[in-house]
Every structure is written in structure tokens, then in C-alpha cells.
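Going down the list, the sequences are from chains A and B. In short: position in the first sequence from 1, add 333, done, that's the numbering used here. In short: position in the second sequence from 1, add 1, done, that's the numbering used here.
Warning: the hint list may mix true and false statements.
Unchecked claim - Listed next, the in silico PhoX-like pairs over lysine-lysine satisfying Cα-Cα at most 25 Å (straight line):
| # | chain 1 | residue 1 | chain 2 | residue 2 |
| --- | --- | --- | --- | --- |
| 1 | A | K361 | B | K306 |
| 2 | B | K81 | B | K70 |
| 3 | B | K342 | B | K142 |
| 4 | B | K81 | B | K56 |
| 5 | B | K331 | B | K342 |
| 6 | A | K361 | B | K342 |
Read the hints as simulated data drawn from the structure, not as lab findings. Predicted model only: the values in this text are computed from it and were never measured.
One-letter residues, chain by chain:
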Amino acid sequence: MAVRIDFGRCISCGGCVALCPRGALQMKAFHLSLIPERCNDCRLCVNACPVGALWPGVPDYGEDYDVL
Amino acid sequence: MTCFDVIVAGAGPAGSLAARHIAESGFSVALLEKRQEVGTPVRCAEGVSEKWLLKHTGVEESWVEAEVKGAILRAPDGSKAVMHYAEKGFILDRARFDRDLAWKAAQSGAFLLTRAAVTKIDPYEEFFIIRTDHHVHREFKTSLLILADGIESGLAPQLGIRTSLAPSDIEMCLQYTLEGAPHEEGFIEMAGGNEVAPGGYAWIFPKGGTRANVGLGLLGSRSRAGFNARFYLDRFVAQRFPRASVIRTVAGAVSASEPLEEVCGEGFMIVGDAARLANPLTGAGIGNALESGALAGQTAVEALKKGTRSRESLEPYKHRLMRSIGHTTKKFYRIKEPFVKFADEDIINMIRLVSQIDPSRVTVAGILEAAFKENKAVLALIRKAFFS
Numbered sequence: 334m335a336v337r338i339d340f341g342r343c344i345s346c347g348g349c350v351a352l353c354p355r356g357a358l359q360m361k362a363f364h365l366s367l368i369p370e371r372c373n374d375c376r377l378c379v380n381a382c383p384v385g386a387l388w389p390g391v392p393d394y395g396e397d398y399d400v401l
Numbered sequence: 002m003t004c005f006d007v008i009v010a011g012a013g014p015a016g017s018l019a020a021r022h023i024a025e026s027g028f029s030v031a032l033l034e035k036r037q038e039v040g041t042p043v044r045c046a047e048g049v050s051e052k053w054l055l056k057h058t059g060v061e062e063s064w065v066e067a068e069v070k071g072a073i074l075r076a077p078d079g080s081k082a083v084m085h086y087a088e089k090g091f092i093l094d095r096a097r098f099d100r101d102l103a104w105k106a107a108q109s110g111a112f113l114l115t116r117a118a119v120t121k122i123d124p125y126e127e128f129f130i131i132r133t134d135h136h137v138h139r140e141f142k143t144s145l146l147i148l149a150d151g152i153e154s155g156l157a158p159q160l161g162i163r164t165s166l167a168p169s170d171i172e173m174c175l176q177y178t179l180e181g182a183p184h185e186e187g188f189i190e191m192a193g194g195n196e197v198a199p200g201g202y203a204w205i206f207p208k209g210g211t212r213a214n215v216g217l218g219l220l221g222s223r224s225r226a227g228f229n230a231r232f233y234l235d236r237f238v239a240q241r242f243p244r245a246s247v248i249r250t251v252a253g254a255v256s257a258s259e260p261l262e263e264v265c266g267e268g269f270m271i272v273g274d275a276a277r278l279a280n281p282l283t284g285a286g287i288g289n290a291l292e293s294g295a296l297a298g299q300t301a302v303e304a305l306k307k308g309t310r311s312r313e314s315l316e317p318y319k320h321r322l323m324r325s326i327g328h329t330t331k332k333f334y335r336i337k338e339p340f341v342k343f344a345d346e347d348i349i350n351m352i353r354l355v356s357q358i359d360p361s362r363v364t365v366a367g368i369l370e371a372a373f374k375e376n377k378a379v380l381a382l383i384r385k386a387f388f389s
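Same shape as in the complex, but just chain B (with noise of 0.2 Å):
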């Protein structure tokens, strides 16, 4: 059995990012990847603010696949209204971040472990014991353990914490790379309406040249067997690009819900979209994963300075995260319960009275506010959610 500060189960970019941050600090931590490769298969649409990658990773050229200046909104009947983005985003090769995420945190001396899959965890009184499985069979010693398995949230059950989604709290998607897609280059487009994804949108993002992402999440509980999202896909594609090819295949669940409510216990923390920390309106979720892990891993580093692992030492990873986009989160998420219930034509009015907008001033809030702008109750969360 190998003994370890702290284990991290789960590569992707939260996982990675807590784990650089222990290692840094001259703890022993060991990351442990199910997959036989870091970064893959992709599952996700790959947008992301650039003050995030400033704030955790940097950016790197070759991560960068396009700039992203702006958006563009479609209403079901065609209009349009576009937004210019005040800070820039990008559209990432999510598989080569996630690999690089995962190498740097490797490279500061954290233990990287592919083709682990955390099967089992023993919760003892001072300790965890984690048995992984599949292809590598161990047992690890481990004082402190970072959940950071994605979605499907898999290990914190296993901590008594409950993690599954109700249907109406869960985007399902599903994308196509498209190469002979041709669009607004720089811009991300999104479309709503209820022929187009239910109770979701679909999104049409640069991925260089004539190459974009092309895909669409449907709310849980507005899907049915036939009526599923590669329904839905199949018929934007066919209508916006019958030309084009699918270059790849990228399903993914997101979590459209509130975070869960206990993100931390004793001798554990969970991070990233395990967390459900995606936001509830958007989608966008690696962000919120980066400064989960980043927080997580700070908290880490501070417990086991103290030498504990209590649940009282591990609290401030909760707070900071409250405090950093749980709240936001929060807000957006009662935000998301009414704009889901949109009919086609409230998109198109709230299209067209943002279309009256100076492109550059249009901002996510205006949006919302021209959205609501009949519903007061709804209209004070918002001023709250973004200017308080």
C-alpha cells in the first residue's frame, strides 16, 4: 500500500489544478486518471473567459484554437441580436489543456496515475483507504481526498453525500465538430427556442477556418426516448449546415442546479462539475472548476500545515467558494427556473429589444433584464445577482 497527503481522484482541469498546487507546496499527492489518457474523450463545448485561464493557468497558443469577441443570440423566427464581450474569450483544444493541466501538476511533483479508476473508499478514523481498479489494481493510504470526478459524481455516495440530479436540473448535450461549417468568425452564436432545444440552447462555436462546434443541450425533463438531443442535433445541423461533416462526437451531461450543499467533510472536499458548480444558466463550467480546485488545493496545503484533516480545518474551502461563485451560482440558478419555462415568442421579443442595443453595450445582465422586463420579482434577482 502507498501512502499519500493528499489523493485527487480525477484528472480533468479542478483535479489537476488542486493537485499542482499541494505538490508545489511539498506535500505528496497522488492524481489518479480512469482514462488511458488525460483530456480524452472531450466532453464539452470548450468556451472559456480568458480571466480565468489568466487567473489559474495562463494562456497558452497552443491550447487556443480561436478567439471568441462576442455573441451572437438567435430567436426561433431568425432575428438576431449580438453582444460584444468586454473581456475576450476562447475556444480551447480541451483534450491538449486538460493533458498539459494534468503534466504541469505531474512536473511539480504530484504522482499521476492513468488508467486508475477509484473504485472503493474506506473512510477510517484518521485516514482513507482507496482501492482503484480495472486495469490498475492498488490500495492507497491517504489522509486527505479531493472528489474530482466529474459529472456523473460518482465517489461522494460513497461519503454519504447525495449527488444525483433531479431530471429538470441537468442539461443533456450533445455536439458535433463540424468542418465545412461556415460562421461569424468570432463570435459564438446561441440559439434558443422550443423546437430548437427545449428547456436548453444550441450553440454554434468557432473552432478556426470553416471548423466549429456544433451542439445543443436539452433539459433532463424535457427529453423523451426519439425526442432525444441527437433528435434535436441532427435537425439544427441538417437546417444550418447540410454540408458540412462531423468530424467528431462530444456528448456530455451538465448540470443545471444549485451546488451541492455539502462540498466539504471530514477529510474530504469536492470539486468541479462533481461540485456541480457548471453555471445553471450557461453551461460554462471551466471556470468554476479552476477556482474550485485552486481553492481546494490552498485549503489542502493549510490542513495539512496544521496536520489535521478535521472538517472544521477543511470549512474555509466552502466559505471561499461561497463567497468566489457559489453565491453567483446560486442566483443564477433561480435565475435559469423561470427561463426555461420561455415560450418561442418571449425569446423573440426579448431578442428584438436587445437588437436595440448598442452591440458593445449589451451585457449577460441586459440581457436578462430585457428578458424579464415584465416580471418584477425576477427582475430584482437579477439586479441583485449582478450588481450586488
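Same shape as in the complex, but just chain A (with noise of 0.2 Å):
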């Protein structure tokens, strides 16, 4: 699992880079970037972010779940 952003809300601030243990987040030229193996969703930045733009991540179920 990892963290899900939401790009219409995020504002580049980098807050979320510099906290991040595992250097999951890179800010790349214009918007932020994830590198989901590296997150292991203890969500520090879904904490912190000041706008409210980053989600936890949801459970994988897989390819037999199937969503109604």
C-alpha cells in the first residue's frame, strides 16, 4: 500500500518531501512524485500535508476482487 495523491489539491510545497523516512516523495520540476516501493504508508505526510493532498492507500485485494 502506499499513499495516493491528489494532484488537484497539492500545491508543490515540499513539506511532505523533506519528512518523508523513506524518500518516497520526490518533488520533480512541477509536481510531486511517488515511488510506491519505497512507501510503506506510515502516513506522516498524509498527516502533515498543509492542504490536505495526500490520502492513505487503500488495501490491495488483488485481481479477484471485484469491485460492484
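Two chains, two frames, some hints: make the complex.
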């Protein structure tokens, strides 16, 4: 599971990048980017984001999980 | 591949100043900026003390949006204390300030490249290979590297320096530039309180007329989803300036930590916010960034003249930095720790005490002494920080 970025809300302040202990978030030239393999959904960034642009990861139910 | 004596990653105030010093000494330097335009988007409350500008850049009229001669401290119950600054301050147009500093570096002979985000650093025995990506795909070879990549500080980890901040060591900030926000001219206002900005403070910085930067910082460890900086700022603005329009939204994080342990190493130096040099108590960062940029530039020139890039030849940067701003920043960090734990009534008491002093005699040291009048250990720290 990895956090999700709401790009509609994100204003590229870089706070979460400085906060992430695993280097899972990076600031590209214009937007935030996530390296999902590095994220362990600790949610430090979700809590700290000043504009609420980060959301907790959703469980991965695999291919068998059928969305109704 | 293009070769340079020095590459500076990031064209903020620290990076631009370092690049200018190096270019003026006749060495080749590239200043790489990831954005398409230097200075935008702004991520700053834009306040700076005059002394730093006089020391490093001079003051240009076009940078100054308003002059500041003092501060109003506001308690959660609405009471206030006024302090007059010994030296005046400015509220800058940061976009213009940053752009002009970068242009000055370019005029001095630095090679300024925008839309060039440094993504990869490969260290070799005698040089670095730097790759830029996104829009400008190029490779550079350089013997010295100055990292000025701001609060994210994403490049230092590639050189083995750990830069991630604990949630209790970072202020998450949001700011609106408001039009139609009447405020006291010539004064900045800082409002504290656990309902206003937990572990931080809200500010009103005048930008001329009824325009003002109104923002707040929230300690990362005190922020919760749904109760984040936007929640507190919207509430603050609704109470204070219900009729104002938001003409700009600015977000940014400010480190409230000690400076990095290792600000230099084999062939590289780290400056400004990337080295965690903002004042942990007030969040002021422009002055310290300028100072670190100038010192890094000076040290780079000395090393290049000797034809070396070794860690030892760059160590003077660290020593000079610690002497000029590092030790003070560390002391402020130790004061910050008890400060962020303040209850509302502590803040009210502090402001009541300070309000009894003649405004022209109020100093930061005086405010802190009032704040910690019953805490001998912290008092001793404050006296050491300001009087040694």
C-alpha cells in the first residue's frame, strides 16, 4: 500500500518530501511524485500536508477483488 | 558533456549568491534551476532584516513591498504587546528578489540554466557527473558541487547525507496574500495559541496598502488530516479578514531543526534551507541562506585556487557557518523545544509581561525571558544565546 496524491489539491510545497523518512516522495520540476515501492503508508505526510492533498493507501485486494 | 569548475543546484538566494561569488572570481560555474522561471512560485512569507541585505545584496527599491519597524505579538485572548525593532526589516517581492539575484549571477558570468532539474549525481574520484532531466536533458562534469535545492533537500541523500526531518522538526505553512485586509502599517503581527496554530504561529505581514501576507505554520507533529494548515488558516482569515479576497496562495515548509551535521564533504557543500538553516523559532530563512551562500562561494573559490576538492579544503565552510549562524540556530532550537509546548495561558502571561515594557526596549531576548521566567534552565539558555 502506498499513499495517494490528489494533484488537484497539491501545491508543490515540498513539506512531505522533507518529512518522508524513506525518500518515497520526490519533487519533480513542477509536481510531486511518489515511488510506491518505498512507501510503507506510515501516513506522516498524510497528517502533515498543509492542504490535505495526500490520502492513506487503499488495501490491494488483488485481481480477484471485484468492484461492484 | 559540459565541464564546469562548480555546479550549483538551485537558484534561490543561497545558490545565486554562491554562483555570483564564484563567477566574479573568474571560475566557471553553472547555476541549474529546475523551474521554468527563477523565483516562482514563491514559497515564503517574504520578511527579511535589513542587515542581511546590506551585507550581501544591497537594497533595491523594486524588491521592497513594505518596510517594517516593529512587531505586534497577539495572545489567544486578543491582548497584545508591541516591540520596535532596533534595525528595520523589509517585506520583499520574493519572486523579483530571487530573479534579480539569479540574473546578477548570470551577469557576473555564471551559466544560468532554467528547466534543468538535477536528478542524478554520480561521484567519481576527482569529479561528479551531474545529469539534469525533465526538460533539459544534459550531462555536466564538475569538480565542486553546491547543493541549494531548498527544503526538499532531495539531492543530499544521493551523497549519503540523511536529510529527512522528524514531524516535530518541521513547520507546515500555508499563506494567503490578501487584498482588502486592513492592518497596522509598518508592523508585522504574530499571533500564537493552540487554537490558532498548534506548535507554530500565525502571521500578518504588510505588503503595502491593504494587501498583506497572512499565513500560519503548524508543527508537523501537531497537524492531522482534516485539521491541517488550511483548516487553521481558513478559520483565522474568516475571523480576522472576512471580507478580504485571496489573490495568491503560497504553501511551503520550514525546517525547525538543528542545522545538518554534515554541511560539506568530498567535493560538495550544502547551503540554505537544504542545510536546514532556517531559524527554528521564528522560521526566518532568507538571511541565513544568503550568509551560507556567500560562505560556500568564498570557500569554493579558496579550494579552486589551491586546486583541491578534498573534504579538508571545504571544512572551513562548516566552521565559518557554525561561527556566524550555526551556533545561534542550535541555541534557538533548544529554546523552541519548550516553546512549542506552551499552553494558551502561558502565551497570555508572556504577552502581558512584555506589554508592560516600553516597546522600544522590547527585544527577542526580553520576550523569551518573559516567557520562561519560571524555567531557570531555559532562562540560562536564552542568556547564553543572546549575550555570549
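Tested hints:
1. For the proposed pair A:K361 and B:K306, the alpha carbon gap of about 35 Å is over 25 Å, so the pair is violated.
2. Distance restraint check for B:K81 and B:K70: the Cα-Cα separation of roughly 16 Å lies within the 25 Å cut-off, and the hinted pair is therefore satisfied.
3. Between the alpha carbons of B:K342 and B:K142 the distance comes to roughly 48 Å, so the proposed pair goes past 25 Å and is violated.
4. Note on B:K81 and B:K56: the hinted pairing is violated, with a Cα-Cα distance of about 33 Å set against a maximum of 25 Å.
5. With a CA separation close to 18 Å, the supplied pair B:K331 and B:K342 stays within the 25 Å bound.
6. Only pairs whose Cα atoms come within 25 Å are accepted, and A:K361 paired with B:K342 is rejected, the gap being roughly 35 Å.
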